[in-house]
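Could you build all of it, start to finish, from the sequences and the hints given here?
Spelled out, the chains give:
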Amino acid sequence: MFVEGRIFDFFALLISTGLMGIFMYMARQGMQIGVRTIPGFDAIDEAVGRAAEMGKPLHFTPGFGGLVAATFAGLEVLGHVAKLAAQYDVRLIVTVSQPETFAVTEQVMKQGYLEAGKPEAFRPEDCRFISTDQWAYASGVIGVLYREQVASNIMIGQFAAEALILAEAGSTIGAIQIAGTTNAYQIPFFVVACDYVILGDEMFAAGAHFGKNEFHLGSLRAEDIIKAICIGFMIVGAIMVTSGSSALVTLLSK
Amino acid sequence: MFAKRTLPTIIAFICGVTVVFAYFINVPFIQDRAQSILRWQAVIAVFALGLGAVNIIRVHVSNIQRSKGQNFYSLALLITFAITILVGVFLGQNSTAYKFIFDYINVPTGSAIFSLLAFYIGTAAYRAFRAKNVEAAILLLTGCIVMLGRVPLGAKILPVSVPLTDWIMSVLNVGGQRGVMIAGAIGFIAVSLRIIVGLERRSYGGE
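Taken in order, these protein sequences are the chains called P and U.
Sequential numbering from 1 applies to the first sequence in my numbering.
Sequential numbering from 255 applies to the second sequence in my numbering.
Calculated from the structure, these hints are not laboratory results.
Here a beta-carbon is modelled for each residue, glycine too, at the ideal position from N, C-alpha and C.
Incorrect hints may appear among the rest.
[Unchecked claim] Here are the computed lysine-lysine pairs in the DSS-like style, where the Cα-Cα straight-line distance is at most 25 Å:
1) P/K212 to P/K110
2) P/K118 to U/K258
3) U/K322 to P/K56
4) P/K227 to P/K254
5) U/K258 to P/K212
6) P/K212 to P/K254
7) P/K212 to P/K118
8) P/K212 to P/K227
9) P/K56 to P/K118
10) U/K258 to P/K110
[Claimed, not checked] With the Cβ distance kept under 10 Å, some of the chain U side facing chain P (calculated, not the full set):
11) I264
12) F267
13) C269
14) L305
15) R312
16) N317
17) F326
18) L329
19) Y358
20) N360
21) A366
22) I375
Rendered as structure tokens:
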């Protein structure tokens with residue numbers, strides 16, 4: 001019945017989702033869950049404020065990915081950014097590379113303006129679909145950054161090889177830059193070219209950080225516990241393999 | 255409310271659970287349903303592409319109107335956009351004209367943008383490799399060792415750089431990357447679970 005080699009994965013997924021469900025329920029029931037400060041998220045207020053002071057636009061992109069988890073994390077941040085931009089009367093320009101992401105992005109942007117009580121300030125032409133082609137998307141975003149001379153550039157989502165091109169273009173025009181991705185190969189590029197970087201899975205704390213959403217807080221606590229379990233498996237596995245036992249390796253490959 | 259929140263949540267739940275189960279369980283009925291859902295996903299993505307095309311036209315027509323016809327880039331984009339669509343629809347994707355557009359315009363311009371990466375790596379490295387604090391100094395030192403270890407001349411200048419580079423790349427670098435990947439994967443599960451059960455309100459445009 002099970003696909004070969006995926007039995008352990010299936011039960012690991014079941015346990016993970018079960019833990020998340022339990023902690024989401026407990027958070028909903030009032031369990032106190034703290035979130036540590038993430039400088040990249042704190043800097044978003046500064047980025048919007050800088051754009052307001054300079055009277056220049058703010059740019060946001062959720063990256064090159066389709067509707068994947070990293071893009072949803074980026075959209076969570078966009079909701080907060082759109083709300084702040086509407087409150088401070090800052091023009092927010094959003095560039096998108098995938099058509100399915102575009103529809104959701106436009107909706108999230110609209111909702112942000114609505115939450116700020118300024119739905120009329122939303123300009124549909126400021127949510128721009130660029131291209132599904134990676135380099136066309138990169139050149140389109142570079143064009144927006146240079147032509148609009150944005151004060152702040154926020155890039156949070158799924159990024160690939162275009163990451164450094166976008167970050168360096170933002171750096172050239174002197175924009176304050178906040179970036180975040182789960183792509184381990186692109187994080188170093190963001191680290192060297194941006195002012196603030198949200199590292200890997202820190203992105204998924206956006207909902208808990210901005211909205212103190214209890215479901216996000218609960219799943220965040222469950223994620224920490226699952227990470228601790230993974231670290232435990234790694235330590236035990238390393239000791240067992242070093243001592244000549246392959247029992248854990250056999251179990252994981254079931 | 256039902257059409258905007260409840261119905262999409264039900265559809266997302268059924269589709270999500272089916273595709274997840276099809277990955278683990280080898281039952282023909284579930285496998286067939288999962289394949290159908292994935293085909294539907296491709297069809298819906300094409301509809302979304304239409305929305306994107308309308309947005310491109312709207313943004314660039316607005317640019318031309320605001321600049322009173324002086325925005326040549328937007329004009330060029332709209333003209334090439336129309337030509338590509340007309341050639342693709344009426345002459346087909348295997349026509350000489352369509353292949354010309356793809357092979358001699360699209361591919362070279364894409365490569366030109368990609369080639370910028372080489373220069374940007376240089377400028378980013380120049381800014382990063384300044385020993386402003388302890389972390390930056392460690393980065394500078396590690397970067398220098400890896401650069402020396404990766405070029406033949408480096409091995410002559412500092413022979414120890416080669417094994418040191420291998421250790422940095424296979425232990426420190428791989429360890430760090432796997433940490434990010436594992437944590438990211440757990441985060442993916444959390445976001446996916448919230449979407450499937452309708453708790454990720456942003457995905458439905460909610461607050």
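Each hint tested on the structure:
Using a Cα cut-off of 25 Å, the hinted pair P/K212 and P/K110 holds, with the two alpha carbons roughly 21 Å apart. Proximity of P/K118 to U/K258 is assessed by CA-CA distance (about 22 Å); at most 25 Å being required, the pair is judged to hold. A distance of roughly 22 Å separates the Cα atoms of U/K322 and P/K56; the hinted pair therefore holds under the 25 Å criterion. For the hint linking P/K227 to P/K254, the alpha-carbon distance of about 21 Å falls within 25 Å, and the restraint holds.
About 24 Å separates the Cα atoms of U/K258 and P/K212, which keeps this hinted pair within 25 Å; it holds. Pair hint P/K212 plus P/K254 does not hold up; C-alpha atoms about 39 Å apart against a cutoff of 25 Å. About 23 Å separates the Cα atoms of P/K212 and P/K118, which keeps this hinted pair within 25 Å; it holds. Note on P/K212 and P/K227: the hinted pairing holds, with a Cα-Cα distance of about 21 Å set against a maximum of 25 Å.
Only pairs whose Cα atoms come within 25 Å are accepted, and P/K56 paired with P/K118 is accepted, the gap being roughly 19 Å. Distance check on the hinted pair: U/K258 and P/K110 sit about 15 Å apart at the alpha-carbon level, within 25 Å; holds. At about 18 Å, the closest approach between the beta carbon of U/I264 and any beta carbon in chain P exceeds 10 Å, and the interface hint on this residue is violated. Nearest Cβ of chain P to the Cβ of U/F267: about 13 Å, over the 10 Å cut. The hint is violated.
Among the interface hints, the one on U/C269 is violated; its C-beta lies about 12 Å from the nearest C-beta in chain P, farther than the 10 Å criterion. Given hint, U/L305 at the interface with chain P, holds; its Cβ is 6 Å from that chain's nearest Cβ, closer than 10 Å. A hinted interface residue such as U/R312 counts as satisfied when its beta carbon comes closer than 10 Å to some beta carbon of chain P; here the least separation is about 6 Å, so the hint holds. Hint status for U/N317 relative to chain P: holds, with the closest Cβ pair at about 8 Å, below 10 Å.
Checking U/F326 against chain P: minimum C-beta separation of about 13 Å lies over 10 Å; hint violated. Taking 10 Å as the C-beta cut-off, the interface hint given for U/L329 is violated, the closest approach to chain P being about 14 Å. The interface hint given for U/Y358 is violated, since its Cβ lies 15 Å from the closest Cβ of chain P, which is over the 10 Å cut-off. Interface hint status for U/N360: upheld, as the beta-carbon distance to the closest one in chain P is roughly 7 Å, under 10 Å.
Contact between U/A366 and chain P, as hinted, is supported at the beta carbon level, the nearest pair being about 8 Å apart and thus within 10 Å. Taking 10 Å as the C-beta contact cut-off toward chain P, the hint placing U/I375 at the interface holds, the least distance being around 7 Å.
Going through the hint list in order, the structure does not satisfy hints 6, 11, 12, 13, 17, 18 and 19.
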